[in-house]
Amino acid sequence: MSVYTREEKYIKLLSQKEHTVKELSEKLFISEPTVRRDIITLKEKELLICNRGIVKLKVKYADQRIPLFIRNLEYNDAKKEIAQKASQLIKDGYVIMLDASTTVYHLLPHLALFKNILVITNGAKTALEAAMLGIKTICTGGNMTLDSFSYVGVDAEKMLKSYNADIAFFSCRGIFDDGIITDNSILENSLRQIMIKNSKKSYLLCDKSKFGQKHLNTLCHKDEIDGIITN
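Residue numbering for the sequence shown follows the numbering used here, beginning at 1390 and increasing consecutively.
Simulated from the structure, these hints should not be mistaken for lab results.
Worth double-checking, as some hints may not be accurate.
[What the hints assert, rightly or not] Below, a list of computed lysine to any residue pairs in the SDA-like style, where the Cα atoms sit at most 20 Å apart:
1) K1445 / E1397
2) K1514 / T1534
3) K1586 / Y1552
4) K1447 / S1598
5) K1504 / D1481
6) K1480 / G1616
7) K1398 / D1536
8) K1406 / G1442
9) K1411 / K1445
10) K1398 / K1416
11) K1586 / I1479
12) K1597 / F1565
13) K1550 / G1442
14) K1447 / I1429
15) K1525 / H1499
[As the list claims (entries may be wrong)] Between beta-carbon pairs, the in silico distance windows are:
16) I1429 / G1482: 49 to 59 Å
17) K1547 / R1441: 44 to 54 Å
18) S1598 / I1575: 19 to 29 Å
C-beta: ideal position from N, C-alpha, C; glycine also.
Could you put together the complete structure from these sequences and hints?
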């Protein structure tokens, strides 16, 4: 087995917490020298850093989105709690816009309990899950990002602009003390801004870890939306 087949395993482990070389060796059932060789390769790909035997994921502050399979591991209990709260704002017959975030994704099981709703989303995974739950769904199409499986770009924006909704739910990577809501993805923020504009009500879903954080691109100010739902 090569380092490339182990790459996802390293990322999954390190997305939860930093590890020593010895811990990685034990959890991956490979020798410490093999781990050290893997680390050299993954450092060259700028996926992780190693300092005094402590290995952790490398954080980049450019326009980079955290891969979906990592974000699915982050604060799942909090996301479920937030989704349950958000579901209380929904009524039968609603047209609902959803972004491609994993926090909003947790809302889908609740939506299946309502009658005659329509979901409009730029999330490929969100659209697929909604359809599997029997929810009428429209997906924007466009250029798909390979890290979050979201559709972005001019085609996605043009399609989304042609619809109006009763309510929109979206997430972000950070909300700063001054109320500025931010994310690392300029392209995904463009879709979220359309959702906010074209919906009667709009709500940010974010867990408490996002507060006090500021990232690359400004989405909006908290006063421009109808509320923030958090744990």
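K1398 and D1536 were given as a pair; does the straight-line alpha-carbon distance stay at or below 20 Å?
This hinted pair holds, its Cα atoms lying about 16 Å apart.
Given the hinted pair K1480 and G1616, is their alpha-carbon gap at most 20 Å?
Holds, at roughly 17 Å.
Is it true that the CA of K1411 sits at most 20 Å from the CA of K1445?
holds, 13 Å
Starting from K1514, check that the Cα of T1534 is at most 20 Å away, please.
Holds, because 12 Å separates the two Cα atoms, which is no more than 20 Å.
Is K1504 close enough to D1481, meaning Cα to Cα at most 20 Å?
holds, 5 Å
With the threshold set at 20 Å, check whether the alpha-carbon distance from K1586 to Y1552 stays at or below it.
The given pair, whose Cα atoms are some 11 Å apart, holds under the 20 Å limit.
Check the hint pairing K1597 with F1565 against an upper bound of 20 Å on the C-alpha distance.
The hint holds at about 12 Å.
Does the alpha-carbon distance linking K1525 and H1499 stay inside the 20 Å limit?
holds, 14 Å
Check whether the Cα positions of K1445 and E1397 lie no farther apart than 20 Å.
holds, 14 Å
Next pair to validate is K1550 with G1442; report whether the Cα-Cα distance is within 20 Å.
violated, 50 Å
Within 20 Å, alpha carbon to alpha carbon, are K1447 and I1429?
holds, 13 Å
Please test the hint of 49 to 59 Å on the beta carbon pair from I1429 and G1482.
holds, 57 Å
Figure legend: structure checked against the earlier numbered hints; the only hint not met is number 13.
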